[in-house]
Amino acid sequence: MAALLEVSNLHAAYGLTRVLHGISFVMQEGSITTLLGANGAGKTTTLRALCQMVKTEGEIRFCGARIDRRATEDIVRLRIAHVPDGRGTFVNLTTEENLRLGAYARKDKDRAGVDADLERIYDYFPRLKERRAQQAGTLSGGEQQMLAVSRALMLRPKLMLLDEPSFGLAPLIVKELFGILRTVNAKEKVSMLVVEQNAAMALELADHAYLIETGRVVLSGSADAIRRDDNVRRSYLGY
Amino acid sequence: MSRRQIILLAVLLLAACALPLLVSDYRVFQFNLVLVYAIALMGLNVLTGYNGQISLGHGAFYAIGAYCAAILMDKAGLPYWATLPVAAFVCLVAGFLFGLPALRLEGLYLALATFALGVSLPSLLKYHHLEKWTGGVQGIVIAKPDPPFGLPINADQWLYYFTLLVTVIMFVIAWNLLRGRVGRALVAIRDNHVATEAMGVNNAIYKSLAFGVSAMYTGVAGALGAIAVQYVAPDSFGIFLSLTFLIGIVIGGLASIPGAIYGALFIQFVPNVADEISKAAPWAIFGIFLLGFVYLMPMGIAGAVRMALARLQRRAQNRQRST
Amino acid sequence: MKLVPIAALLAAALASPAALAQKKYDPGADDKEIRIGNTNPYSGPASAYGTIGKAIGAYFKMVNDQGGINGRKVVWVSYDDGYSPPKTVEMARKLVEQDQVLILFQTLGTPSNTAIHKYMNMKKVPQLHVATGATKWNDPKNFPWTMGWQPNYQTEGRIYAQHILATNPKAKIGILYQNDDYGKDYLKGMRDGLGDKVGMIVKEVSYEVTDPTVDSQIVQLQASGADTFFNITTPKFAAQAIRKAYDIGWKPTHYVNNVSASIGSVLKPAGLEKAVGLISTQYLKDPLDDQWKDDDSIKAWKAFMAKYYPDGNLADASNVYGYTVAQTLHQVLKQAGDNLTRANVMKQAAAMKGWRTETMLPGIRINTDAGDFAPIESVQLIRFDGKEWKRFGQIMGR
Amino acid sequence: MEALLHQVLAGLATGGIYASLALALVMIYQATHLVNFAQGELAMFATYFAWTLINAGVPYWPAFFATVAFAFVLGVVIERVVIRPVENAPVLAVVVVFIALLVILNSVTGWIYSYTIKTFPSPFPTGGVFGTKLLSPHELGAIGVTLVVLVLLYLFFRFTPLGLAMRAAAQNPDSARLVGIRVGWMLALGWGLAAAIGAVAGMMVAPIVFLDPNMMGGILLYAFAAALVGGVDNPWGAVLGGFMVGVLENVLGAFVIGNELKLAVALALIIGVLVVKPSGFFGKVFVTRV
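Residue numbers (our numbering), protein chains in the order written: chain A, 7 to 245; chain B, 1379 to 1701; chain C, 11 to 408; chain D, 9 to 298.
Okay, chain A solo, but in the shape it has when bound (with noise of 0.2 Å):
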């Protein structure tokens, strides 16, 4: 396996508050990888910064590339799919146009084959189909979390970037969706990084970690180790 995403002593700040203090981290393609740690220890913030929706400093190579310069839509051109916190749902949009937006930026975009991807995530998702011609911004949370999944993957990212996909959804939602997840990473090759409050969950899901504190990087391994550190399982996982 070759790293996809390698990340070395990136600072961020908005405005003049800092956030990331120099965090360094490689992901492995084909993986799934998860950030852990508290509120505010900078989690949202790393994700925003792969895709420069932050002012940052220090390197970012995706694929062997530097792309700590460029722009977001020029990131996501390179198809890293960002789900962001909150969902990002275009409210007024009809769910179905929320879905095609999201294969906007593919290079090969012909309509059958939008057509087709559509048909394969309503596949995976199939109340997104029965809700089709709706507004999104009618849809429950889990619908609109499953939206926001969805629109990245048509895409069809190599990565994905998942912000807090857990976050206010009934247990056994986040279950569904965290089973297509690892579906979708087996079948379609997608790599992951997963942010998540829910430790937990997160590691079931991920093969590797990082652990992060205050901005900077404290614990890395892999899903398994650092699920059985002491230290993590007190703060994080609570048992």
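Keep in mind the hints are simulated off the structure, nothing from the lab. All values derive from a computational prediction rather than experimental measurement. Positions of the beta carbon are idealized from the N, C-alpha and C atoms, including for glycine. Among the hints, a few may not be true.
[As the list claims (entries may be wrong)] When the alpha-carbon atoms are kept at most 30 Å apart in a straight line, the in silico BS3-like pairs for lysine-lysine are as follows:
hint, chain 1, residue 1, chain 2, residue 2
1, C, Lys303, C, Lys397
2, C, Lys397, D, Lys126
3, C, Lys133, B, Lys1453
4, C, Lys198, C, Lys180
5, B, Lys1510, C, Lys146
[Stated by the list, open to error] Listed next, with one range per pair, are the computed distances between beta-carbon atoms:
hint, chain 1, residue 1, chain 2, residue 2, range
6, A, Arg234, B, Gly1485, 50 to 56 Å
7, D, Ala64, A, Gly64, 45 to 51 Å
8, D, Ala64, B, Val1651, 36 to 42 Å
9, D, Tyr162, B, Gly1485, 21 to 27 Å
10, D, Tyr162, A, Ala176, 50 to 56 Å
11, D, Val66, A, Glu12, 58 to 64 Å
12, B, Asp1569, D, Val284, 23 to 29 Å
13, D, Val85, B, Asp1569, 53 to 59 Å
14, A, Arg234, B, Arg1693, 53 to 59 Å
15, D, Leu160, C, Thr145, 53 to 59 Å
16, B, Leu1481, A, Leu178, 40 to 46 Å
17, C, Lys312, D, Ala64, 19 to 25 Å
Position chains B, C and D relative to chain A; hints supplied.
Chains B, C and D in isolation, oriented as in the chain A frame:
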């Protein structure tokens, strides 16, 4: 207030008092208008700057204040100074009443409602059933007050001092109001009205109150303006006056008390400069000035001054630290 | 041998007090120049009139090139007031107190001039030949420092009323007027002129300058059954009204006021064929009227425009107006000679006997005296035949 | 009764004018969530461009389309050059930039072309239609053109990927960026489209009100009202709003309150409606669940 600020203010006030003795009467008149505009802008700033309700029609309240003064002086023979409280009260009520329905309107819709008020007020002033009082399209000519107590100054200088006194009073009141609980509530409503509602702040009362107080300030300014110009007519209060006020608070600096003064200086003097530069297209030059100011100081002159002061302070501190 | 220079010296010594006695100046005038102040709307919604100020400025440039007035250059100081009375006050004060002009000339607009009326008279600075047709400028008793120039709106309104009474005493009159001082002055003139026959007016409708069109008003007038239409508008609305009336098939006897009788800026845009039969009054020659094509004064005006105001619009009658009114001031200042006091300028302006310049219609003259501060009081009735304004009847007024 | 019909027809004709400019306002609102005060002056300026072409001998329709293209480019350039620098400034600063644009365009046009009114040709025949002389062929044609523009816009936004991207960018710029939409360019395109629609409006309005630099001044307020009555996010609503305002104003002026106060009363009514129904007659209300 720090000691430095108090000293600065005292110096400024002294300069303002000395001004009429140093410059020509025509300049005194101009600075008189600057003071008038400063009060008007302070009013608009309460509403738009502090409370976030956009008004594109504040010229209407300025006009109401002006007509109050003119009608009372011309028809009822009231002395000029006695018209100010009346103008203030009338505009307070008018603003409060207009603010009630405006409560239901947000953003653009409020902008339209106020814009509509600004556009239609001149035609109301011309309305033939009101002509008896307003003088219709001819307007009302009023006399300039003479200095009282045999003061050895001329009418322009006296009026300037009178206006200065009113300005200082109005600004002190505004300053007390805005830095306290009321000011914080206004800003909080502007920034997040859902949260303030949850915190038990009565948004509705504060918002209509902001409208009323804002209209009151602008109305007092209108009355003072009418006394200075000695004439009111519907043509004096077109929609461009309202837009000029908006320009004033944005260029001066939103939600800033000194901003009102900077803005007043801008709207008084920059159009004259534009006219000096080009007779052919004075508005074009004015527009370019506007663009220049917004580009260079997006937070207004007050914002730029604040930033410059902060930088100076930081530099001074650094120097202290290094020595 | 020495006698000659001594004699010369003596002569000079004797002559100079006399010469000094003749040369009298107020602020704004000296041996070299005469400073004339003005306000005009160069910006804002009334900026169409700004061309008058520019034409006057161009005229005095020409005068200066030709040696000035009695050897003095005219300095034209004109400021933008955006048609806002408070700004006019400010600018008038700047002109009088800071720029030290001798007089204010052709300040434009009824509200603007009303705003400075008192001030100018208190300061005793002439407010000469103001660019508005309100009646109040002719009040030498109370306002001896203010004088109008053009025929006043009320008189003109009365002339149309007289014409209607004389030609069609059974007329049913519909009136469209601009809802401001200008429209209301005409309306008053018409009503006064009709006297006890004021009932002939079957409908009066107004419009605001901010209205996009007057279509609705024209439809209202047609519905009222009026057969005579008095159109008191400014050029754009006049053109709209003429066209709309024609288009909806309303064919009243159509009177349009002098301000909107320009071929170039009203009749042409409305469509010349739609303007046939229009009745109006004039006191100046219309530069686009065929009958003046070879007229010397219009040719001279065109040459002036080409050389001194090339940006100016040749179809705009306002430029003839500016040129003519500037000639009037030229005459006043010439008459004033070396006595360039403000009082003498007013005195000379009030002592024009039968003076005319060729851009005025034949028969129009300026007459003023100490009790009559209304320079042009006569107008010529005219009717449009599709190409030219045909003069008919005699000169009306004084 | 007949008089009423006449006023309604005249109202529809002027309503068509309001509708066409309202459409441009809605357009730019959809793209930028701002109401552009300079929209009317942009339209006026573009119409002068058309006038210049036609006077130089270019036939009407080529001049028409050249003007639409010119206005589009002008809109894009203005967004890139003038609006860009204040992207992150407070909303009111942007409003001041709009006012600056308004006065600059107005003044420069007056300077170049003078303030005398000019006739602007109509592409439609003269004479009456449907046996009535109250609605001229041009007025009818102008309404038709407005409706065609409306349908084209609808098709563009509803069925093209670019239209979809523009809607997305206006609604949620952050998310739009995350699906790869170049939001900055979408704004510029929005400006371009709005200016192009404005140019069409200008060319349809000018034959009715005559071309002069202040041509759009009075219309802007009505268009603004029309856009809001119809719901500022809804082009169909804007057009209907335009007709409503036109008819309402005429009927009120002719039969109820007289011409003097018709504007004031019409506006008061509109505001009354907005107080009761704050999103306009046809505006959508979104309930977003979180």
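Results for each hint:
Under the criterion of a C-alpha separation no larger than 30 Å, the hint pairing C/Lys303 with C/Lys397 is consistent with the structure, at around 12 Å. The straight-line distance between the Cα atoms of C/Lys397 and D/Lys126 is roughly 18 Å, inside the 30 Å bound, and the hint therefore holds. Our distance criterion of 30 Å between C-alpha atoms is met by C/Lys133 and B/Lys1453, whose separation comes to about 26 Å. For a cut-off of 30 Å, the pair hint linking C/Lys198 to C/Lys180 stands: about 20 Å separates their Cα positions.
Distance hint between B/Lys1510 and C/Lys146 is fulfilled; the C-alpha atoms sit about 19 Å from each other, no more than 30 Å. The given range of 50 to 56 Å is respected by A/Arg234 and B/Gly1485, whose C-beta atoms sit roughly 54 Å from each other. In this structure, D/Ala64 and A/Gly64 break the distance hint of 45 to 51 Å, their C-beta atoms being roughly 59 Å apart. Between D/Ala64 and B/Val1651 the C-beta distance comes to about 37 Å, which sits within the given range of 36 to 42 Å.
At roughly 25 Å, the beta-carbon separation of D/Tyr162 and B/Gly1485 lies within the given 21 to 27 Å, and the hint holds. Under the hint 50 to 56 Å, the C-beta atoms of D/Tyr162 and A/Ala176, about 39 Å apart, miss the expected range. Restraint check, D/Val66 to A/Glu12: a C-beta distance of roughly 60 Å satisfies the suggested window 58 to 64 Å. The hinted window of 23 to 29 Å between B/Asp1569 and D/Val284 holds, with their beta carbons roughly 28 Å apart.
Range check, D/Val85 to B/Asp1569: Cβ separation about 35 Å, and the 53 to 59 Å hint is violated. The given range of 53 to 59 Å is respected by A/Arg234 and B/Arg1693, whose C-beta atoms sit roughly 54 Å from each other. Remark: the range hint 53 to 59 Å for D/Leu160 to C/Thr145 is upheld by a beta-carbon distance near 56 Å. In this structure, B/Leu1481 and A/Leu178 meet the distance hint of 40 to 46 Å, their C-beta atoms being roughly 44 Å apart.
The hint said 19 to 25 Å for the Cβ distance between C/Lys312 and D/Ala64, and at roughly 24 Å that hint holds.
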